[in-house]
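J.: Knowing the structure of chain E, use the given hints to seat chain U on it.
Number of protein chains: 2
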Amino acid sequence: MKAAIITIGDEILIGQIVDTNSAWMAQQLNALGIDVIQISSIADKPEAIQEALTLAGTRADLILSTGGLGPTQDDVTKQTLASFFNTSLYRDERVLQHVEQLFKRLDRPMLETNRQQADVLANAEVLHNETGTAPGMWIARQGKIYVIMPGVPTEMKYLMEAEVLPRLRKLPTKQTIVHRSIRTAGIGESFLAEQLASFEAQLPPNIHLAYLPKYAQVKLRLTAIGSDKDRLLTAIDAEEQKLISLTESYRVGFGDVLLEQQILDVMQEAGLQLTVAESCTGGYLGHLLTSLPGSSAVFKGGGIVYSNELKMQLLGVQEQTLRMFGAVSEQVALEMAIGAQQRFGADYSIAITGIAGPDGGSVEKPVGTVWIALAGKHGAKAKLFHFGNVRLANIERSAANALVLLFYLLKDEVGWRS
Amino acid sequence: MKAAIITIGDEILIGQIVDTNSAWMAQQLNALGIDVIQISSIADKPEAIQEALTLAGTRADLILSTGGLGPTQDDVTKQTLASFFNTSLYRDERVLQHVEQLFKRLDRPMLETNRQQADVLANAEVLHNETGTAPGMWIARQGKIYVIMPGVPTEMKYLMEAEVLPRLRKLPTKQTIVHRSIRTAGIGESFLAEQLASFEAQLPPNIHLAYLPKYAQVKLRLTAIGSDKDRLLTAIDAEEQKLISLTESYRVGFGDVLLEQQILDVMQEAGLQLTVAESCTGGYLGHLLTSLPGSSAVFKGGGIVYSNELKMQLLGVQEQTLRMFGAVSEQVALEMAIGAQQRFGADYSIAITGIAGPDGGSVEKPVGTVWIALAGKHGAKAKLFHFGNVRLANIERSAANALVLLFYLLKDEVGWRS
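Protein chains in written order, with the UniProt record's numbering: chain E, 1 to 418; chain U, 1 to 418.
Don't read these hints as lab results, they were simulated from the structure. Treat the numbers as computed from the prediction; the structure is a model and nothing was measured. It is possible that part of the hints are untrue.
[What the hints assert, rightly or not] Only pairs whose alpha carbons sit at most 20 Å apart, straight line, appear in this in silico DMTMM-like list of lysine to aspartate or glutamate:
no.	chain 1	residue 1	chain 2	residue 2
1	E	K411	E	E248
2	U	K2	E	E47
3	U	K157	E	E396
4	U	K104	U	E93
5	E	K144	E	D61
6	E	K2	U	E47
7	E	K229	E	D35
8	E	K104	U	E93
9	E	K78	E	E47
10	U	K377	U	E396
11	U	K45	E	E396
12	E	K45	U	E200
13	U	K2	E	E51
14	E	K78	U	E189
15	U	K78	E	E47
16	E	K104	U	E200
17	E	K170	E	D256
18	U	K104	E	D35
19	U	K104	E	E194
Here chain E stands alone, though its shape is the one from the complex (with noise of 0.2 Å):
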């Protein structure tokens, strides 16, 4: 089953937000074995709804749309659908009432363009709304299905795993689509790519290999497609412990997992605690642990120290140390790492302090130079990075990369199997 997304609203088109609605559904069809051949986005007007329902009509067999069902004059988006579908919208009671109910319970006035959420079209069937104010709705015409969503991302997220996933689940399907991954670190793209040159070229047809670089790993990604699941199956599972054979020193883990979520896990069936202390990540590295639920059993926290003052107060960091080698150096970073992991209390410490530009850099040190310490079972070592230019570049890489340090470190002192 091969299928299009449809992101309505200018707002993609001029820039001001970023699609991250159609990554997360194209992951949950893959999932199901459904082929995402297209995603486009396109302004709210009717001409242009009009003609990418029909383009992907003739491409797709399902058509995902989002967006343009907000309570706002600028969209048309349900008007031109009724035309396209050459139907009508009417008032749909049960959507109006949980409409009303919302707004009571908010001790909210209800305006007419609230009550106008709960028209719907004639031909669909009613997905029901309940995060928000807009209606969902599924439509199967000539063999082809619609269905509609609003644009928070939110709102779409339950409707698509409440009321469409199922759905999705209960179609027949003819083909089947397998993945597996397994994430390398310490190693270029070009490199691995030479390495695995003869195991790349002796694939079966079916079955393609793609390297997926990102911030401080590559993955490597098995993608098999077939009709026959079972054989499938055995034929990647064959293919991906050959490649698990070649990757033994690069790999640090397998699938979608998170490093922060594999080390996370590592450390709490270890029972052990982790801390940070962040000068030019600023607390980034927190907020990537601290995205994960559960990750208080392991984090216990530590200091954003982007001051010196602070590098002093709460880490304990010299005064002395400050003043001969400078905040960006490999003393202080140590001094970090060390001063965390004592008086925060942690088995294990991350400390980053780094230029992340674009001022800040001198010819000696110049932007993009990061120190990561890191303090474990035997003591602090420290490792110096230079990146690059770009500030939110330097942040993040800083963070991956500190996120691989300390993996190595697990693997060494809690003895971690990847």
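T.: Same frame as chain E, but now just chain U:
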């Protein structure tokens, strides 16, 4: 001038990565008065690339593609482009030298796949990529312009800024697009729309008002399109003035400036310093602030006080307060804010404590319960929020609302005029 953006690579179609490039490119193009009519993500397969280029050529005058230029085998883009443009590839000497130098500097051996990065289309003007190995290409054909760029965000941005945008600025344009944005906080989208209904109704046909809601804020965007730039500016200025007086009590700022940037600017001018004490946001607020260059002038850092232990140790929260009221309470939030302000020696502090979920909720304090406290010139105040069930959304909403609260506090105490 109309533009289409094409993103090549199945990472986006299977949802492995989010397409952030397109939004950034769209912003840049928009600022030049170039209207982005479609953004498409397609597979790195010859047919898909051919079809997308053909279709884009029928709709747009400018076609920009990113991705599909990496050194590994899954990239078929250049061969397909050669066939689409009916031309051949040759190895460019200058690019080859640049790639060789990059490898020399990194002290890495070079592979044939790395050398192939220097292969370019015979009909293209080469766009030299200082930030990576894959060059960009600029192709003018049959009145259309095609720009081919690598997909790595920093490389694409470098090529756009150094090579593509300067060339586009020199092209004759027929249409001007002007935007004006006013950001509001503390009022819902539909209520704002109701209040602005008569303003919206009197807008001239070439000026359009859009409502762009974002956590804790609604951005109002006026867009004017026309051929006479001076008349357009006069007209949009007049409408903006009306909107300014209509939004007096809800306005937090103008344009696309981030609220955190405004806060840093106002505080820096007033010589004030800021600190944070983050429990459920786990570093995210610090990250938002430190993502901005120059934030160290105002932001001292703070504590990621995820555990109760660190709340007591770093901030001086009383054990008794934690025991009596729980970590997610007004009392603890206030003690956190006051502790951070006093101990970290800052003029203002933000403290956030809440239940981000999915676990940890109770009947009394369900997931999404968040207390935000601010300490300023005249002591501390706390406010209770009830967000939703999605962990990351709760983290982002908490930080966004904390910034809005700080905005209003600074407006009161520092006399900020928005």
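J.: Taking the hints in turn, state whether each one holds.
T.: Do the hints match the structure? See the list:
1. K411(E) with E248(E): Given that 20 Å is the threshold and the Cα spacing comes to 13 Å, the pair holds.
2. K2(U) with E47(E): The hint holds at about 15 Å.
3. K157(U) with E396(E): With a Cα-Cα distance of about 17 Å, the restraint between K157(U) and E396(E) holds, given a limit of 20 Å.
4. K104(U) with E93(U): 16 Å, holds
5. K144(E) with D61(E): 5 Å, holds
6. K2(E) with E47(U): Measuring from Cα to Cα gives roughly 15 Å; hence the hint holds.
7. K229(E) with D35(E): At roughly 15 Å apart (the allowed maximum being 20 Å), D35(E) and K229(E) satisfy the hint.
8. K104(E) with E93(U): Given that 20 Å is the threshold and the Cα spacing comes to 70 Å, the pair is violated.
9. K78(E) with E47(E): 13 Å, holds
10. K377(U) with E396(U): Violated, at about 26 Å.
11. K45(U) with E396(E): At roughly 31 Å apart (the allowed maximum being 20 Å), E396(E) and K45(U) break the hint.
12. K45(E) with E200(U): OK: K45(E) and E200(U) at ~18 Å, within 20 Å.
13. K2(U) with E51(E): At roughly 16 Å apart (the allowed maximum being 20 Å), E51(E) and K2(U) satisfy the hint.
14. K78(E) with E189(U): With Cα atoms ~19 Å apart, K78(E) and E189(U) stay inside 20 Å; holds.
15. K78(U) with E47(E): Violated, at roughly 33 Å.
16. K104(E) with E200(U): 28 Å, violated
17. K170(E) with D256(E): 25 Å, violated
18. K104(U) with D35(E): Roughly 42 Å separates the two Cα atoms, so the pair is violated.
19. K104(U) with E194(E): This hinted pair holds, its Cα atoms lying about 18 Å apart.
Hint violations for this structure: numbers 8, 10, 11, 15, 16, 17, 18, all remaining hints satisfied.
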